[in-house]
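Colleague: These are the residues of each chain, in order.
Number of protein chains: 2
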Amino acid sequence: MKLTKDTNILIVGLGVIGGGYARALTKQGFHVRCITKEQKDIDYALSLGMIESGTTEVDPILIGNADLIVFALYPQVFVDWLRDYQHFFRSGTLITDVTGVKRSIVQTVQSLLREDVEFIAAHPMAGRERSGVEYSDDSVFQGANFIITPTEKNTPEAIALCYELGRLLGFARITELTPQKHDEMIAFLSQLTHCIAVTLMTCNDSPSLEEYTGDSFRDLTRIAKINDEMWSELFLLNRDELLRQMDCFAAEFSRFRYMLAMGDREGMREAMRLSTARRGRFDKPKH
Amino acid sequence: MKLTKDTNILIVGLGVIGGGYARALTKQGFHVRCITKEQKDIDYALSLGMIESGTTEVDPILIGNADLIVFALYPQVFVDWLRDYQHFFRSGTLITDVTGVKRSIVQTVQSLLREDVEFIAAHPMAGRERSGVEYSDDSVFQGANFIITPTEKNTPEAIALCYELGRLLGFARITELTPQKHDEMIAFLSQLTHCIAVTLMTCNDSPSLEEYTGDSFRDLTRIAKINDEMWSELFLLNRDELLRQMDCFAAEFSRFRYMLAMGDREGMREAMRLSTARRGRFDKPKH
Chain A
1 MKLTKDTNIL
11 IVGLGVIGGG
21 YARALTKQGF
31 HVRCITKEQK
41 DIDYALSLGM
51 IESGTTEVDP
61 ILIGNADLIV
71 FALYPQVFVD
81 WLRDYQHFFR
91 SGTLITDVTG
101 VKRSIVQTVQ
111 SLLREDVEFI
121 AAHPMAGRER
131 SGVEYSDDSV
141 FQGANFIITP
151 TEKNTPEAIA
161 LCYELGRLLG
171 FARITELTPQ
181 KHDEMIAFLS
191 QLTHCIAVTL
201 MTCNDSPSLE
211 EYTGDSFRDL
221 TRIAKINDEM
231 WSELFLLNRD
241 ELLRQMDCFA
251 AEFSRFRYML
261 AMGDREGMRE
271 AMRLSTARRG
281 RFDKPKH
Chain B
1 MKLTKDTNIL
11 IVGLGVIGGG
21 YARALTKQGF
31 HVRCITKEQK
41 DIDYALSLGM
51 IESGTTEVDP
61 ILIGNADLIV
71 FALYPQVFVD
81 WLRDYQHFFR
91 SGTLITDVTG
101 VKRSIVQTVQ
111 SLLREDVEFI
121 AAHPMAGRER
131 SGVEYSDDSV
141 FQGANFIITP
151 TEKNTPEAIA
161 LCYELGRLLG
171 FARITELTPQ
181 KHDEMIAFLS
191 QLTHCIAVTL
201 MTCNDSPSLE
211 EYTGDSFRDL
221 TRIAKINDEM
231 WSELFLLNRD
241 ELLRQMDCFA
251 AEFSRFRYML
261 AMGDREGMRE
271 AMRLSTARRG
281 RFDKPKH
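Residue numbers (the working numbering), protein chains in the order written: chain A, 1 to 287; chain B, 1 to 287.
Calculated directly from the structure, the hints in this document are not laboratory data. Yeah, the Cβ is synthetic: ideal placement off N, Cα and C, and Gly gets one too. There's no promise every hint is true.
[What the hints assert, rightly or not] Anything over 10 Å on all C-beta distances counts as not near chain A; from chain B, calculated:
#	residue
1	Lys2
2	Gly29
3	Glu57
4	Asn65
5	Tyr74
6	Leu177
7	Ser216
8	Leu236
9	Gln245
10	Arg265
[Claimed, not checked] Only part of the chain B face toward chain A is listed, based on derived beta-carbon distances under 8 Å:
#	residue
11	Leu189
12	His194
13	Arg218
14	Ile226
15	Arg269
[Claimed, not checked] What follows is a set of in silico ranges between Cβ atoms, one per label pair, in the way DEER data are often shown:
#	chain 1	residue 1	chain 2	residue 2	range
16	A	Gly263	B	Pro156	37 to 47 Å
17	B	Asp116	A	Ser208	30 to 40 Å
18	B	Lys284	A	Asp283	18 to 28 Å
19	A	Gly267	B	Arg244	18 to 28 Å
20	B	Lys284	A	Thr155	30 to 40 Å
21	A	Leu274	B	Thr155	40 to 50 Å
22	B	Arg130	A	Gly263	19 to 29 Å
23	B	Asp240	A	Leu46	54 to 64 Å
Looking at chain A on its own, in the form it has when it is part of the complex (with noise of 0.2 Å):
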């Protein structure tokens, strides 16, 4: 299967990420369906012409004319929709998705799907911190990394295919991961800082505070509007490793900690320089 102007593309939940897909995939000239929950996302993606047809019903004609299917649901959710309506699919269709752990999900689905049906996993690194396809916004892919995380089930075209996608969809950066390097990665940069976010917010009900902020507040706390159904289920689903990383992070801040109790500067100047030699490496490209 190769991408053309004629591949029938379903995306399944027209949230702020599968609502991305729709605009930029629109955008490239492809055939962009959907499937989702409320009429009224519909309407909104209809009328800023980011689809070309929607329904709220599991539609068996649309899935089965699918070529691509995008499913960009809470993993569970996903899960369930493939148990209940995979029979639906025609033989050959391919699967992707968007969902933030992999090891889980991948082996659940690949080991639960039907055999003439493929499912590649992807992972857009562009969330936003809204929920929704009236945040949906395609601009966010451009710079972004996409990762890949096949397993020894995905063809070659398959992985080829999830790359060609990546690349249309705006991303600067398409990279290959194992579905466990995956989820160490993400752990750390993704569900580790969503973490210490939410912390910031809890750990302090001074009243006023808003009132002496500074902009490193306001940027470690952006994501501290978080969607707690979705990341909830996120972290539970990658618990071990995000676990690991927490502590990790908490022994590395009670190291600094340590060296300000005793006033060791030159230890603090010293974190501080690899620190910011290290961020350096982490700018956005530009484009």
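Starting from the known structure of chain A, fit chain B onto it as the hints suggest.
Modeller: Same frame as chain A, now just chain B:
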């Protein structure tokens, strides 16, 4: 003393913050002069019309002519400067600063300063992660917070003038705190966040992390590019309060870790909902 277009303003230390003050006050039509270490910074500021004149010398006439002097120096350098050169001040001169900690600096300065010169302390909450006048930008003051920390040694006139200065610089919200309250607040809002950012950069040395990162990690570590000389000094000058805030954060972080380890999804969701609700208050006012 009132701020009029005839007021002679002297900025000592033309770095990222001193430069921002120079830009803003010159735009407002004031006579702004400066004393700073490097001739190249003066040349840069002159080439952009940020200042009327500048010198690398501690020029007694320039100092004696100044009605308002803004010190934008590292804390110890500021104190040493006053000890060495305060005899050049004209009687009635008002001095202010931009220092990021207040208890130690306010007490030291007010106790060593000549009786006929008044020091009113202020903290513009709009830093940058880069140092140097070439990164100065007065637009960062727009919508930001400005904190004045008067003591019983200050006159109502000096406090009023400091409010006026904050308004002229473009700050959106100008408030007063005691030096003690300021240092508590800043330990949490600014110093703790810098400790966290540095720790995030130093606790994991996996290679190639930048290939997989999303914006949340970038946001939490923007300030991990840090001036180690300045921040280590500020941390040590506020050691007791910063340690207290680090301990509060660590305790709450550990509470969240426990909920995750126990699979207490509802507990995590409750923390996330509280976090989301609180974070709404911290958005920068639109301007």
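Colleague: Tell me the numbers of any earlier hints that the structure contravenes, in ascending order.
Modeller: Per hint list: 6, 7, 8, 9, 10, 20 violated.
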